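Trainee: Each chain, letter by letter, is given below.
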Amino acid sequence: MAGHAEKRQLEGQAKPERWMLRLYVAGQTPKSVAAFTNLKRICEKHLAGQYQIEVVDLLVNPKLAKGDQIIAVPTLVRQLPVPIKKIIGDLADEERVLVGIDVRPAAHTGV
Amino acid sequence: MRSIKNFLSKTPTGIEGLDEVTNGGLPAGRTTLVCGSAGSGKTVLGLEFLVHGIEEYGEPGVFVAFEETEKDLRQNVASFGYDLEKLQDEGKLSIDHIVIERSEIEETGEYDLEGLFIRLGCAVDAIGAKRVVLDTIEVLFSGLKNQQIIRAELRRLFRWLKDRGLTAIVTGERGDGQLTRYGLEEYVADCVILLDHRVTEQLSTRRLRIVKYRGSLHGTDEYPFLMGEDGISVLPITSVGLTHTASKERISTGVADLDGMVGGKGFYRGSSILVSGTAGTGKSSLSMTFLKAACERGERALYFSFEESKDQVIRNMASIGLDLKPWIDKGLLHFHNVRPSSLGLEAHLASMHQIIKRVDPKVVVVDPITNLISSTDNSGVKSMLTRLVDFLKMKQITAMFTHLSSDGTALESMEEKVSSIMDAWILLRDVEHEGQRSCALYVLKSRGMAHSREMRDFVLTDHGIRLGDNYMKGRNSGKKQHGAHAGAKRASSVKRAR
Numbered sequence: 007m008a009g010h011a012e013k014r015q016l017e018g019q020a021k022p023e024r025w026m027l028r029l030y031v032a033g034q035t036p037k038s039v040a041a042f043t044n045l046k047r048i049c050e051k052h053l054a055g056q057y058q059i060e061v062v063d064l065l066v067n068p069k070l071a072k073g074d075q076i077i078a079v080p081t082l083v084r085q086l087p088v089p090i091k092k093i094i095g096d097l098a099d100e101e102r103v104l105v106g107i108d109v110r111p112a113a114h115t116g117v
Numbered sequence: 148m149r150s151i152k153n154f155l156s157k158t159p160t161g162i163e164g165l166d167e168v169t170n171g172g173l174p175a176g177r178t179t180l181v182c183g184s185a186g187s188g189k190t191v192l193g194l195e196f197l198v199h200g201i202e203e204y205g206e207p208g209v210f211v212a213f214e215e216t217e218k219d220l221r222q223n224v225a226s227f228g229y230d231l232e233k234l235q236d237e238g239k240l241s242i243d244h245i246v247i248e249r250s251e252i253e254e255t256g257e258y259d260l261e262g263l264f265i266r267l268g269c270a271v272d273a274i275g276a277k278r279v280v281l282d283t284i285e286v287l288f289s290g291l292k293n294q295q296i297i298r299a300e301l302r303r304l305f306r307w308l309k310d311r312g313l314t315a316i317v318t319g320e321r322g323d324g325q326l327t328r329y330g331l332e333e334y335v336a337d338c339v340i341l342l343d344h345r346v347t348e349q350l351s352t353r354r355l356r357i358v359k360y361r362g363s364l365h366g367t368d369e370y371p372f373l374m375g376e377d378g379i380s381v382l383p384i385t386s387v388g389l390t391h392t393a394s395k396e397r398i399s400t401g402v403a404d405l406d407g408m409v410g411g412k413g414f415y416r417g418s419s420i421l422v423s424g425t426a427g428t429g430k431s432s433l434s435m436t437f438l439k440a441a442c443e444r445g446e447r448a449l450y451f452s453f454e455e456s457k458d459q460v461i462r463n464m465a466s467i468g469l470d471l472k473p474w475i476d477k478g479l480l481h482f483h484n485v486r487p488s489s490l491g492l493e494a495h496l497a498s499m500h501q502i503i504k505r506v507d508p509k510v511v512v513v514d515p516i517t518n519l520i521s522s523t524d525n526s527g528v529k530s531m532l533t534r535l536v537d538f539l540k541m542k543q544i545t546a547m548f549t550h551l552s553s554d555g556t557a558l559e560s561m562e563e564k565v566s567s568i569m570d571a572w573i574l575l576r577d578v579e580h581e582g583q584r585s586c587a588l589y590v591l592k593s594r595g596m597a598h599s600r601e602m603r604d605f606v607l608t609d610h611g612i613r614l615g616d617n618y619m620k621g622r623n624s625g626k627k628q629h630g631a632h633a634g635a636k637r638a639s640s641v642k643r644a645r
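Note that the protein sequences, when read in sequence, are chains H and U. Our numbering numbers the first residue of the first sequence as 7 and each following residue consecutively. Our numbering numbers the first residue of the second sequence as 148 and each following residue consecutively.
Bound-form chain H, shown alone (with noise of 0.2 Å):
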């Protein structure tokens, strides 16, 4: 696979210069802990230098559950770019994560 950053570039979009993810779990269960893992290798690879995880535990934090409308856990949020995008699951599948969040994997897989 050739460099994502190329990639992107070749598409013409303005590509958005920073990804303000936020992800929303309650106590260090295997699904949260299995979620932050997925989320930061997929950024790693997709958005390496753009991102920025934020963790919300709704065991201390519960009122910001309120704020996103939080039903789920683990749910990741995408501050932004805007619109706001919601995944919710372990994050385990790649490619549905890529497009919950919109980076767009289908430019990556393209001939």
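Read the hints as simulated data drawn from the structure, not as lab findings. Among these hints, one or two may not hold up.
[What the hints assert, rightly or not] Cut-off 27 Å, straight-line C-alpha distance, at most; resulting in silico cross-link-like pairs (BS3-like, lysine-lysine):
hint, chain 1, residue 1, chain 2, residue 2
1, H, 46, U, 292
2, U, 239, H, 72
3, U, 309, H, 72
4, U, 292, H, 72
[What the hints assert, rightly or not] Here's a subset of chain U near chain H, in silico, CB distances under 7 Å, partners left out:
hint, residue
5, 251
6, 255
7, 269
These numbers come from a predicted model, not from an experiment. Backbone N, C-alpha and C define an ideal beta-carbon position, used for all residues, glycine too.
We have chain H already, so just place chain U on it with the hints.
Mentor: Same frame as chain H, but now just chain U:
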């Protein structure tokens, strides 16, 4: 296993009638499922449960709205006079609007609904809630894809509510062949209430039924309920309060001759009088005379007219020498005119309750109840009328109901049904003979007093109502023929003419 506690511990809803039907309220510390189709009143019932809980039982409550925003909810119940914002500010009510937008949610891998639990727990702890309403949790099924997870989490949620001792209501949309679309009844085992909103002949009737109530006695009938300006009120037929005090005071009907027929003093205050007769026999005139007599005693009187406009009534009454204007001007005589077909029966009765509460009359006339009866099926009418009569008695309001009877129709039997809840029954009968038409009055029943068995000539004059002589008087035999009646009638007319 059922414990004794199941039988005893109940949380009153504070909703008029519902606590009677459920024999004390919803199961305390348990979850009750309220299901019904769209617009059947589930949300209002849930909100009322919380508001009454706060205001009457000092139990704070959490409302989790999956469908409506806080603003919508506030507006929807503002018409019932509930100020949710005030309760929220006082820290007694918490409303959490949960939005699940399927289009903006992607699912990948395992998850649970701990976020929902945390939010609910947070809201419950913040105000020390004892009551919870989830309206409607079924949105989860349409908002999320993984049904297996939702089902497992729902089971956990209901257990969680129970462990915390919260009395909860979950609402569910009516489904095909089952109570709720996603089978919520599978999870809620203790109490299930079904709301129904039926439209028969373009008129709506709301009904409530307790489908299931484990470990408790409960009414099994379908109960009509009202959603009026004061919120929900269930009308249990069985709850007809026969505890009202019976007044010994007698009040005049405004027709001296008629008073004479019931012991010379008129009817008891707080009694219900049915006046039935065929068209044009003078039912409205009699009831108006009755109202005017009340006004002359300085009492407030209320007239529900389902047939004529106020002006029409005033004009017509003037023709028999009844001048109503002064009493209207003095604020003693109140009119309420409305077409019976404009509303369903329940709405009529709800509005009648409210108007009666507002006007606070001593005497009420409903002219005629026939139109209400014709507007819906019989059983509904009886229970509603029973409720109305009951309400009037409780307030010691003397009421006169007119009823248009048409010989040989189904209305006749209806009349009998209605008459059983009335204390007195006056009949006006139309008699025809040789191109002449006249009218006879008799008192069919009058509870708790001696009354005349005579059939009297009922005459509308320029100066009000007069009762003529005994119909049979001066006649040669007791033949019960119209001709014979008319003969007597002629005799009495001749007498009057003199």
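Trainee: For the hint on residue 255 of chain U, just tell me whether its beta-carbon gets within less than 7 Å of chain H.
Mentor: Constraint on residue 255 of chain U satisfied, holds at 4 Å.
Trainee: Between residue 309 of chain U and residue 72 of chain H, is the straight-line Cα distance small enough, at 27 Å or below?
Mentor: Status holds; Cα separation ~23 Å.
Trainee: Between residue 239 of chain U and residue 72 of chain H, is the straight-line Cα distance small enough, at 27 Å or below?
Mentor: 19 Å, holds
Trainee: For the hint on residue 269 of chain U, just tell me whether its beta-carbon gets within less than 7 Å of chain H.
Mentor: Residue 269 of chain U check passes; min Cβ-Cβ to chain H is 4 Å, inside 7 Å.
Trainee: Can residue 251 of chain U be said to touch chain H, with a Cβ gap under 7 Å?
Mentor: For residue 251 of chain U, the interface hint holds, since the closest Cβ of chain H sits about 6 Å away, which is under 7 Å.
Trainee: Sort out whether residue 292 of chain U lies within 27 Å of residue 46 of chain H, counting only the CA atoms.
Mentor: 25 Å, holds
Trainee: Could you grab the alpha-carbon distance between residue 292 of chain U and residue 72 of chain H and see if it respects the 27 Å cut-off?
Mentor: 21 Å, holds
Checked against the numbered hints listed earlier, the structure breaks none of them; every hint is satisfied.
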